[in-house]
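*Asks:* Read off the chains here:
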Amino acid sequence: MSNIKLKTESLNAMFNGQKAVDDVNLEFPKNTITALIGPSGCGKSTLIRTMNRMHELTPATDATVEGKVVLDNKNIYDSDVDPTLIRRRVGMVFQKPNPFPTMSIFDNVVAGLKLNGLRDKTKLREICESSLKGVALWDEVKEDLDKSGTSISGGQQQRLCIARTIAVQPEVILLDEPCSALDPISTSKIEQLLTELKKQYTIIIVTHNMQQAARVADTTAFMYLGKLIEVGKTQKLFENPKEEMTENYITGKFG
Amino acid sequence: MNADKIFKQFSSVMAFSAIGIMILIVFVLVTQSAPVWQEFGLDFAFGSDWNPVEGRESYGVRPYIYGTLITSFLALLLAVPISIGIAIFLSELAPPIIREPLSFIVELLAAVPSVIYGLWGLFIFRFYIRDYIEEPVINSLGDTIPIFSGIPFGLDLFTAGIILAVMIIPTISSVAREVIYAVPATQKEAAYALGATRWEMMRTSVFNYAKSGLFGACVLGLGRAVGETMAVTMVIGNTIGAQALPESLFQPGQSMASIIANEFNEADPGSLHPSALIGVGLILFFFALIIQLFSLYLRERSLKVGEVLD
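Chain order of the listed sequences is L and S. In terms of our numbering, the first sequence opens at residue 2 and continues consecutively. In terms of our numbering, the second sequence opens at residue 274 and continues consecutively.
The hints are simulated quantities; they were obtained by calculation from the structure and are not laboratory data. The beta-carbon is built from N, C-alpha and C at its ideal position, and this holds for glycine as well. Treat the hints with caution; some may be incorrect.
[What the hints assert, rightly or not] One-sided excerpt, in silico: chain L residues whose CB lies under 10 Å from chain S:
(1) M55
(2) F95
(3) P98
(4) N117
(5) L119
(6) R165
(7) S181
(8) P185
(9) I186
I would like the entire structure built from these sequences, with the hints used as guidance.
*Replies:* Right, here's the structure in full:
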């Protein structure tokens, strides 16, 4: 049995015909964390947005995809695939915390479950509690579940967004620079959380922060100008990169 | 004095003139309507008698308040779903090629002079309403539901409400479109990422985020409807006094704006009639002011939702 949860095959992603991701082949093994690194504009965010079909929703542009993204042996770009079902299986956490401001903390966590049609109050409460515990937020907010989702700090909001994502029990979690708007303490909390979450989920994280990649990722992939330059075990890639470009980037010569 | 200073003082004077005009209007409305308030007290606001004949003068505004509120809310009832639909289509669904011209045309509806809507209602639309809506509804429901009873006429509260609805659609839809447009992409992505369909995304992200702004847009439309004069005067039927308190929507009535427009010309300066009409104006102004303030408050609150996120 293959251990590969998700893979891309000859994947291209375009904005108005311009390639942002150029012929990327990558494999993401189950229960691992893969970090995508590279300078701004290298296509790493676009790449993960193709993996839950968010790319095609980018407003005001003609965003298209060629090639395959294979989730459990099924290409998610096949014409018989419903993208909303893919997004339930492949969750996403964004750069800026984006809880729903007019909803309570509780409603934020269970928003996805309600979309799935779950109405059972006790069930919702149970999942809310386990999700918030899963992101180590429960003790901080258990008294304030009816307060607004934006009444808590930025770091807490981001953990709330992760709780919202895991509440629907996805198989893969995509994180697009989840800590770039957070302070170091919140960042380290989220990093700890990720190593905990990988027991249950396959995680792909885009990050600008190379230390972060080194700390949390099993595998790291370096991208440049839309192309995948190098991928390997994180330690190996940082200590002994094969490509000169990778070395230049991680030693800070450019980027 | 240098040019900058002159310019600054000039524009300050212009800006403060707006406040000055406001104060003057209130002053005129209050002082000029004082005689009728002195004569009738609160009966002026709540009474339903209206008789300008010398020696038998009696004025009560209740029927016209009723007419204004009924027609305005009817307009709102019809215009809100249409306007929100237009706003959603323009902001979320329409391809750019359609979006621009369609927005333009919707805004253009607001540029049609009120009297044109009135003419259309008076000479054409009323007959369609009379024959295709009022007659069948009265025949089938008139006996059981009082608000649908009466004789089909076509110049009544119902027609006024429909004409008003058409007139406030551009107001509501353009404000609603702006409000929906202001919902950040991150909010929409949050819903999509949870597996929402487009409609579920609208419900979860857009409506929740923008609800007080959308409500504000509707209240702004209400404000327009309350003050609208010409078109309403032409189609509302123009009854006076207790007659203007029909229990059916299909009967002629009168609004605050239309009674003023109808009678200002024949009000005898020696009588209380002009004072009564100005009193109606004062009440109308009061309604419009409250509605406007409420709408502003709601839209401000909607914008604050966004600030929390930054």
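*Asks:* Give a verdict on every hint.
*Replies:* Status of each hint after checking the structure:
1. With a least beta-carbon distance of about 6 Å to chain S, the hint placing M55 of chain L at the interface is held under the 10 Å criterion.
2. Interface hint at F95 of chain L: satisfied, since its Cβ lies 6 Å from the closest Cβ of chain S, which is below the 10 Å cut-off.
3. The closest approach between the C-beta of P98 of chain L and any C-beta of chain S is roughly 8 Å, which is under the 10 Å cut-off, so the hint is satisfied.
4. The criterion of a C-beta within 10 Å of any C-beta in chain S is met by N117 of chain L, whose closest approach is roughly 7 Å, and the hint holds.
5. The criterion of a C-beta within 10 Å of any C-beta in chain S is not met by L119 of chain L, whose closest approach is roughly 12 Å, and the hint is violated.
6. Contact between R165 of chain L and chain S, as hinted, is supported at the beta carbon level, the nearest pair being about 7 Å apart and thus within 10 Å.
7. Because the closest C-beta pair between S181 of chain L and chain S is about 13 Å apart, greater than 10 Å, the hint is violated.
8. Taking 10 Å as the C-beta cut-off, the interface hint given for P185 of chain L is violated, the closest approach to chain S being about 21 Å.
9. Look at I186 of chain L: its Cβ only gets to about 21 Å from chain S, farther than 10 Å, so that hint breaks.
In summary, the numbered hints that this structure violates are 5, 7, 8 and 9.
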